[in-house]
Amino acid sequence: MAEIVVNELRDHVTSLPSYVRDTTDFLNKISQIQQPLPDGTIIFCLDVKALYPSVPRE
Numbered sequence: 131m132a133e134i135v136v137n138e139l140r141d142h143v144t145s146l147p148s149y150v151r152d153t154t155d156f157l158n159k160i161s162q163i164q165q166p167l168p169d170g171t172i173i174f175c176l177d178v179k180a181l182y183p184s185v186p187r188e
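This note's numbering numbers the first residue of the sequence shown as 131 and each following residue consecutively.
Heads up, a few of these hints could be off.
[Said to hold, decoys possible] Taking CB as the label site, the calculated pair distances span: (1) M131 to G170: 22 to 30 Å; (2) Q164 to H142: 34 to 42 Å; (3) Q165 to E133: 39 to 47 Å; (4) C175 to H142: 14 to 22 Å; (5) E138 to Q165: 16 to 24 Å; (6) N137 to L167: 35 to 43 Å; (7) E138 to Q164: 29 to 37 Å.
It should be emphasised that the hints constitute simulated quantities derived from the structure, not laboratory data. Backbone N, C-alpha and C define an ideal beta-carbon position, used for all residues, glycine too.
Using the sequences provided together with the hints, build the complete structure.
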């Protein structure tokens, strides 16, 4: 089941403008942000290492 979900979501997720492939991609994206940032702006990055760690993918 997890494999089906991963396959169905992969193309959709990777096409989103908010998708960040890796650290280099993140650094490239933040370097393109207009400066100065408005007061109260918060930038954060969340790294998901294993989306379905407890679900067998076989």
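- Item | Assessment of proposed distance window 39 to 47 Å (beta carbons of Q165, E133) | At roughly 43 Å between Cβ atoms, E133 and Q165 fall inside 39 to 47 Å, so the hint holds.
- Okay, E138 versus Q164 on CB: inside 29 to 37 Å? Holds, at about 35 Å.
- Note whether the CB distance of N137 and L167 lies within 35 to 43 Å or breaks it. holds, 37 Å
- Task: Could you say whether the range 34 to 42 Å given as a hint is met by the Cβ separation of Q164 and H142?
- Result: Because 28 Å falls outside the window, the suggested range is violated.
- Query: Does 14 to 22 Å hold as the CB distance between C175 and H142, or does it fail?
  - Reply: Taking Cβ atoms as reference, C175 and H142 lie about 20 Å apart, which means the hint holds.
- Range hint 22 to 30 Å: satisfied by the CB atoms of M131 and G170? Violated, since M131 and G170 (Cβ atoms, about 41 Å apart) do not stay within the stated range.
- In this structure, is the beta-carbon distance linking E138 and Q165 contained in 16 to 24 Å? Taking Cβ atoms as reference, E138 and Q165 lie about 38 Å apart, which means the hint is violated.
Violated hints, in rising order: 1, 2, 5; the structure is consistent with all others.
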